[in-house]
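Novice: Which chain is which? The protein sequence lines are S and W, in order.
Following my numbering, the numbering of the first sequence begins with 1 at its first residue and continues without gaps.
Following my numbering, the numbering of the second sequence begins with 1 at its first residue and continues without gaps.
I should point out that these hints are in silico values taken from the structure, not numbers from a laboratory.
Misleading hints may appear alongside valid ones.
The list treats identical chains as interchangeable, and a pair is accepted whether it falls inside one copy or across any two copies.
[As the list claims (entries may be wrong)] List time: in silico DSS-like cross-link candidates among lysine-lysine, alpha-carbon distance up to 27 Å:
no.	residue 1	residue 2
1	212	77
2	703	121
3	209	643
4	643	563
5	77	209
6	50	594
7	440	121
8	456	440
9	212	14
10	456	231
11	224	77
12	77	176
13	77	690
14	209	72
15	590	124
16	112	440
17	522	505
18	554	666
19	666	690
20	503	594
21	554	77
22	414	372
23	224	643
24	690	643
25	554	643
26	278	594
27	554	685
28	554	690
29	564	192
Since this is a predicted model, take the numbers as computed values, not measurements.
Number of protein chains: 2
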Amino acid sequence: MSKLSKYSILLDGKSIESKRQEIQEYFHNTFELYERVFEVLRDNDVFYEKSEITRHPMIFYFGHTATFFINKLINMKIISERINPNFESIFAVGVDEMSWDDMDSARYNWPKVEEVREYRKQVKTLVGELIMTLPLSLPISEESEMWIILMGIEHERIHIETSLVLHRQMPLEFVKDSLYFQPCSQSSSAPKNELLEINSADIELGVDKSHKLYGWDNEYGVYKEHINSFKVSKYLVSNGEFMAFVNADGYKNEECWDEEGRKFLEITQAEHPTFWIKKDGVYRYRTLSSEIDMPLDWPVDVNALEAEAYCRYKSLQDGVKYQLPSEAEYRAIYDEVKIEDIPDFDERSANLNFYHYGSSCPVNEFSFVTQKGDTIYDVVGNVWQWSRTPIRAFEGFEVHEAYDDFSVPTFDEKHALILGSSWASSGNLITKNSRYAFRKHFYQNAGFRYVITEDKEENLADIYESDALVSQYCEFQYGETHFGVENFAISTARIASSFATNKGKALDLGCATGRATFELAKEFDSVEGIDFSVRFVGVGAKLKDEGYVAFSVKEEGLLTQNKKVTIEELGYESLSAKVSFWQGDACNLKPNFKGYDLIMATNLIDRLYNPRLFLDTIDERLNEHGILVITSPYTWQESSTAKEFWLGGFTDEEGTEVHTLDTLQKVLADKFELIHTQDLEFVIKETARKYQHTISEVTVWKKK
Amino acid sequence: MSKLSKYSILLDGKSIESKRQEIQEYFHNTFELYERVFEVLRDNDVFYEKSEITRHPMIFYFGHTATFFINKLINMKIISERINPNFESIFAVGVDEMSWDDMDSARYNWPKVEEVREYRKQVKTLVGELIMTLPLSLPISEESEMWIILMGIEHERIHIETSLVLHRQMPLEFVKDSLYFQPCSQSSSAPKNELLEINSADIELGVDKSHKLYGWDNEYGVYKEHINSFKVSKYLVSNGEFMAFVNADGYKNEECWDEEGRKFLEITQAEHPTFWIKKDGVYRYRTLSSEIDMPLDWPVDVNALEAEAYCRYKSLQDGVKYQLPSEAEYRAIYDEVKIEDIPDFDERSANLNFYHYGSSCPVNEFSFVTQKGDTIYDVVGNVWQWSRTPIRAFEGFEVHEAYDDFSVPTFDEKHALILGSSWASSGNLITKNSRYAFRKHFYQNAGFRYVITEDKEENLADIYESDALVSQYCEFQYGETHFGVENFAISTARIASSFATNKGKALDLGCATGRATFELAKEFDSVEGIDFSVRFVGVGAKLKDEGYVAFSVKEEGLLTQNKKVTIEELGYESLSAKVSFWQGDACNLKPNFKGYDLIMATNLIDRLYNPRLFLDTIDERLNEHGILVITSPYTWQESSTAKEFWLGGFTDEEGTEVHTLDTLQKVLADKFELIHTQDLEFVIKETARKYQHTISEVTVWKKK
């Protein structure tokens, strides 16, 4: 196969101009490769089909990676003009299957494929220009504006792989052969698997900020673990090896599945791996765009639940305990065979980066040699390898502000790390220190290998929110009160409800961790909570779905106190069905958020990048006699809102002081009547001894 | 003259390694040039003499520029080990003649010159190594660790000039000729001055952060002004031209002097410029190290008060109003003659950077041509030119955290800008955008030229504190109370006093804006207030010296409220004589701060870079039965204190939670008895609606 895919660029270098050139080439290579992935779809009609009920139609993904650039550039104030506000709201979010993704596509009028293709061209031109003109010094650091460009490129690299998985999940009649993604043509019987010994080791994971490659936030920090020596399978588990489990009715053997696995079986009624097709009692195999005879020596594609089930099956068979490898054990294997990281990595040595095949290949094709001379296969490439380790933050983890929901929502002990990359991986995905994790029932180009180790299975950690800012808000909304000031979520919801004429549907905009959304549901038929940050709405969603929130309150220095609040304690059991939580941008809300009797915007307007975008059209989302409640301490700051967009807190050209309330009255006067104002205090705990004590102003506006 | 002095380096470039080399060479050139300046002193004994009663002895300045590197590197946590803690406390501060400089040198045992010379070598080696090893990317930005090195170099460049002034002020028998600073040998009669017309212009001052040269914080930001056309003198005012004023008894003509000027005359009894010497009725002239016949065509060296007096004298003579140029008018002249900035600047074209002379030279030697073809002399170089503009912050000004008292204390409407640089200027001083300002009675290598303009004289602005953080503290200590919480400075002083056995001398360590220092003086015979930041102690000193504090309280966004509190309102008139304010580092206090009956450390320990350095020896500064009061909310954070130096707020190796109070008890147990603890709230206003509400812990310790 020709070389389709370039490696990620190095962050350091000597010449600014040649670095711009490298970034430009890497960007174009990525953008074009992504479009080639969509050439697998048979025709434009297929763009409106979904490969799975829980995912968006293909047109969403086609627009999404371009929109991502624009939304991040806007949010980081690198550009100030949108290219297409409508596209940039409907293509904005929706990748991992989280409850707050808005998957009800019927609510949108999806645009034409040609319109999206034209939009992609505009984005390509803009990003290309930015690459040549943004301020740039070397090495490129997280604070650099160019980092946002690299983020957009690496984000698209991820979607290259996940889109290929979605395409592979579509009916065959929706896809067509592509010259760029030709499957491997070799297969024979499966080799018999063996176990190799890996020495004990002190493993250190995580990179520091001086690392020479772009990294997602979850890669930075420090993690140390001593691992005992262990045995590992020489090959990835092949279709042939897995066949014994299927033939032994493994999918029906309850002993092989844990609770999450049994739930998966119940929902899907699965009896074999998803890319196997049973025809006339014989298993055939689905590649990206064709159906072929079962390649017994290729790795089996499974989710983590199926991989774990196989391990339990094999443990029962052999009377020895098999497990998936841990993150640290995998690194020990990686270190044993001394793989060089990008840029010294040799893509010829493994099935990845589209160098060899547009599919998996035999598990005994790409060999690596350990220090003691053993041969092990597919340490990287072919298919990802599920691990038994849930992704967790390394010590020193810091959220990258431009993409604060990349990692944090996955630190929930439910997202398992996948290791080693696949034939469809490229960019950051094939680098040594990248860390990707998915829910265990999720399909990727992923299989597994097994280990025998004395080291323990991973125990689920207590799921306390490790995100300091989110925890602070959890304490604010669900924790104790201080200095005699009432819980703010409760008081705002009570005040807002008292002014509402009708109590059908309410919107809690800037809902943060969701307490006021529940409180409003005591009075309203349904309440939608929206926040810009998935990190925040995840808390409300968890209270609704799992019945509790748990968080760590900072007390002194690094010392914290763990707290857990259940839906029963809160008395919200009966309200869960009435609330829903969504990620959204108040300055560019999706069109379907409308028809409200109450919109409550709490501590929001002084945090928006352009509050006028919110205020100028919010009336259209309210029903007749609808009520708008705005609560804010008017803490304008340039880090949130460029000065030109402030509503108050400055002196105008005539030298008159402009206060926020004056501007609100001017802007809202045509459409609203101001019916009530009051001060309302709130207290946010930072540590056991330090608090923010704020007096917000509540203004209540009735739609004319 | 050989080329003694290199230009400042450019911040950008292509090769990291050659940039390191450039910085190294510039550093060595500066460090060595500074040592050559001290070769002007006749022998080692002279190092212990002062050139003026208000300044330190020379040995201080000799050590100071080296110590500056170490103190800044320590404070910015770039290095963690001091070279010589004693030197680094006694050589730490004292340049501008501020009341909080500690000038009572008798209190120190100054080290030997050879010891300081050896110390300078150690610093040179360390800084040289850092230049080759610190992380470096181009362009070098304010956040870069290398910026601190550049700051140290440019700081030394300033002292090259100011030390040469001090040497020139010493008796002739204390100095000797230097090959490096040979005076000009040309002089004749003074040319007759003329006026040239400069066109009206829209002037824009200030640079942005992408500027290619190192800048002090006061250079960044934006300032725009339209200036009308004006007339300006062709030459700097020469000794010959100024002679008419002296001969007309101008120094005794009250009409020529304003209030500040008359006070200057009263104190100094001056009758002629300070570098003139009257012998047998004839004026002679003092160069750096010799006395010569009056060079009538060289510029007169005067302070701003003398320059203003001359303008008033000439206005009376001619019936036209002469003034000093404003900062913007000076830039108009600079732009008219199209001078290139460093690195394209041509040092041959003016008397500066030690290229031509170690003294002034005739005012008609270095000519510049305006756009309309007029010839004007000494637009830059020869002597600095006093302006009528007090130095002010440009819009967008931000303090550089590593040197927060470089500019802010001079934004007091009393420091006048000097423009254009002198024969002894180099480094940043000769760049286009640098801004230096001195009190009007201060001598530098400065003279003046005059203008006739319709534009107004500068009116003194109301002196409200423009430093946001300092203003916040002023409001905290001198402003209103909120949420019913008592003024914290008053309550801590009351509690501390109530436990003191003897009431001789007290120390208010971390005194901030000084309110508690005054409060303690109600009970104690004398109280010393010390803070790390000159920006803060300046407020207490102003209350003592000028009888008021004035500050701007942030209300909403950029809107502020001005407040002024007088010593009469506070009832502190009788206390002024008992308090004094000093800049000091609690982790490396000067030896003379001792003999206290009370040491109060308020909200200090969790802000120190190494609190153990403070705690381990503080008992030595207390008298028998002395009391130590520590007040803190224990808000440990890595930006102030590296984690390894925290006293609490972490888990130790055995997994036990360590709280600050436990550590305080352990550390202080041998020398102190804990006699009281209590919680004490305080509230700091951030805006009209946002407050910090904190509960500090007060612990009272009695010396055993």
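Novice: When the structure is checked against the list of hints, which entries are broken? Sort them ascending.
Specialist: 2, 7, 12, 16, 22, 26 and 29
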